[in-house]
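Protein chains: 2
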Amino acid sequence: MTADVSVGAPTGAREPGERDVRGAALAARAASRLLAGTTADVRNAALLAIARRLTVDPADILAANERDLAAARDAGLAASVLDRLTLTRELLDSLAGTVRFLAAQPDPVGAGVDGTVMPNGLEVRRIRVPLGVVGMIYEGRPNVTVDAAALCLKSANSALLRGSSTARHTNAALVSAMRQALADTGVPVDAVQLVPGTTHAAVHELMSLRGLVDVLVPRGGAELIRTTVRESAVPVIETGVGNCHVYVDAHADLDKALAIVVDAKTQRTSVCNAAESLLVHQAVAADFLPRVLPALIERGVVVHGDARVRACDRAVVAAGGEDWGREYLGLEISAAVVGSLDAAVEHIRRYGTGHTEAIVTDSQSAARRFVAALDTAVVAVNASTRFADGGELGLGTELGVSTQKLHARGPMGLTALTTTKYVLVGDGHTRGGTAAPLP
Amino acid sequence: MTADVSVGAPTGAREPGERDVRGAALAARAASRLLAGTTADVRNAALLAIARRLTVDPADILAANERDLAAARDAGLAASVLDRLTLTRELLDSLAGTVRFLAAQPDPVGAGVDGTVMPNGLEVRRIRVPLGVVGMIYEGRPNVTVDAAALCLKSANSALLRGSSTARHTNAALVSAMRQALADTGVPVDAVQLVPGTTHAAVHELMSLRGLVDVLVPRGGAELIRTTVRESAVPVIETGVGNCHVYVDAHADLDKALAIVVDAKTQRTSVCNAAESLLVHQAVAADFLPRVLPALIERGVVVHGDARVRACDRAVVAAGGEDWGREYLGLEISAAVVGSLDAAVEHIRRYGTGHTEAIVTDSQSAARRFVAALDTAVVAVNASTRFADGGELGLGTELGVSTQKLHARGPMGLTALTTTKYVLVGDGHTRGGTAAPLP
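Chains as they are written, first to last, in the UniProt record's numbering: chain A, 1 to 439; chain B, 1 to 439.
Keep in mind that the hints were calculated from the coordinates and are not lab data.
Be aware that one or more of the hints could be misleading.
Chain copies aren't distinguished; within one or between two, either way the pair holds.
In the SDA-like style, the derived pairs of lysine to any residue whose C-alpha atoms are separated by at most 20 Å in a straight line are [stated by the list, open to error]:
id, residue 1, residue 2
1, 256, 428
2, 256, 107
3, 256, 172
4, 256, 363
5, 256, 27
6, 256, 283
With the rest of the complex left out, here is chain A (with noise of 0.2 Å):
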């Protein structure tokens, strides 16, 4: 453990309940020692537990939820709150399918990394190990609930979760099914708890709790992970700010192209891996746009263009300058018309916020030269930016997708909770040098 070093996290007035933050984080502390001790078998069978606990008698969990739903019903949220807050037997079966396939997974504790005998004989080799204590704050589905503990719990972290408020039913009956499967199979219950209190306090402490909580993973919209990075003293994964961008190059299959942008765009809109902006080619503007223009606004979308692309359709608005580097988040987009590739390369350099950007090419060395050019997380060519997600890409769900550089980039999976350890077995290896014959 390293030393505590208080970072100024504003603490304001410190509200009852708040030792419970630091008291939870120690018996999650605790409960992690006994986990890195577990054997994958122990853990497999932990998980499938839980998912056991998940669908074959979900009673207490559903009425929870249904408790969650009648309050955000008289408090007036909107429909698609509420959307997202439900769960129902065909998602808990599904998160259920999550779990299972992450019991299945190969160990990620203990894998070797790289490893070499030195020209001394000193052996080297460097394994993988779990973080410790893994805390997340999430505004989402209560699925990430559920999600996240499974990916801490195979790969032997504790997890401290602090879920939406709306939510806080839902969450505390999921919890309380996660620490009964636990119970069954002889794992430490703490490894997996709510972050104590609903106060603000409550997670500027546990912001805090650096030496003690090893990560924190905000989960949820611009504002969430701005202030978690700003104000926490624990180490921060940022996730997912996505202004996502599809270029269709001079040398696109339009086709193709027509089919991403629209998928890209509309197969869901509310997440971080949704298109955002389209930059096309000038040398195919001219057939593209009177294709993709009304495939776009017949599925409702509004798009923001520039002066070009408003010239091939009226019902385009003009694009503000903050448009391009707005994540709408919906049923909108900003579209642009631009001269050469490098023009789209610096385009999204100015613009993109590091997370997926997709090219439309059948030009090999169109693909090459815009995959080589821009740091992001993620780089798709000829394929839509919403294939940015753990469970498309093998990991079986994801703990969010990383847009910073250090330590995990792009969807998160099982290995992302993990850190290294060298390990060094000698015979009595010194460095000698300066050391004198020993007495």
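For this one, chain A is given, so just place chain B on it according to the hints.
Frame of chain A; chain B shown alone:
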């Protein structure tokens, strides 16, 4: 590039020249984009040109070093500081050797991390890419200037170097020589720069450049590292505070234990991987302490012992409570007798800094338990803690020894200077779902 986030780094009064720090970072960013497009051949040629410039005619460098040494003597600085500051032809040859070693290494950029083809035919691969702009803040010897620049250049990163003001003429001469070598080989010279300005405000400006500087690595004393972690808005990799233990187990070969303890404590004392604490199992204390204590004491080591250690040798001084957590960085060591391996683990968990811990034992099960129980960057079995070093582990040199868990842990070589990029290649792939048939 991710959105700038202004974290509350105290700025204080701005001084003239601070603008230059941002200017240097912008130039470094531009150079890093060009560097990312260079081939390994080009970067290796630049490294070899640097090695030549350091050795063929180092008169300017040695003259600059003489200037720094004269100023340091005039200021009455300690002999140890003068020693660390001194460059010789032999040291420059050794530095050039490290640079040539790096030139001969495989290119870390573009290396495949993993990859697969998904069931739908989408090709997924993850490749290593440069971080971008790397800032170093260091107090140590001027060799860090060359080591850091060479590691960054090999991995296609720009280096922004902020060394000790004591070494400012030396560092300026080294950087000038390296930039000439870059110019000679067609590599953008702004890939290697000193941070302009000598004020503390310049360092604060550097720490504020989130989005422009990708990572800051402080290398030096605990206070420098603490300050950087606390104040930097740029992501920081913590390095180097090491309260390293050697635990001599009940089943230790005491000859090997003696050699390892003496080496770990005395082979070099001012470094983070030197041992600062000795733990001896009670079963071997009566045999081992009468051998190790005189061996340490006759080499000038002050031993701060608990009651059982003091009982063995009158030259042992009493350990105060604060001794167990101290990083002496000198000829001092704390020493205690422990009742069991578990007690040693508990002691190390309480006082260790997560850097390097060593066990001396012939018991396979004891070694296995010790390695598994300690959450530390490096764990050594029957080897000196002094091997926790990039050079000793085959990395050529190191940027520092990370004691944090995220991104890099332990000695940091070329891989630590990379991040990854997902490259997805499809053939018109979409997520489908709600997208209706296209017109």
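At most 20 Å between C-alpha atoms: does residue 256 with residue 363 qualify within a copy, between copies, both, or neither? For residue 256 and residue 363, only the intra-copy Cα distance (14 Å) is at most 20 Å; the inter-copy one is 63 Å.
Could you place residue 256 and residue 283 in one of the four classes (within, between, both, neither) given a Cα distance threshold of 20 Å? Only inside one copy: residue 256 and residue 283 sit 17 Å apart there, 74 Å across copies, limit 20 Å.
Is it within a copy, between copies, both, or neither that the alpha carbon of residue 256 lies no farther than 20 Å from that of residue 27? This pair counts as neither: shortest intra-copy Cα distance 53 Å, inter-copy 39 Å.
Since the copies are identical, ignore which copy is meant and state whether residue 256 and residue 107 lie within 20 Å (CA to CA) inside a copy, between copies, both or neither. neither (39 Å within a copy, 35 Å between copies)
When Cα atoms must be at most 20 Å apart, do residue 256 and residue 172 count as within-copy, between-copy, both, or neither? neither (45 Å within a copy, 54 Å between copies)
Copy assignment of residue 256 with residue 428, given that the CA separation must stay at most 20 Å: between (63 Å within a copy, 5 Å between copies)
Taken one by one, the earlier hints fail for this structure at numbers 2, 3 and 5, listed in ascending order.
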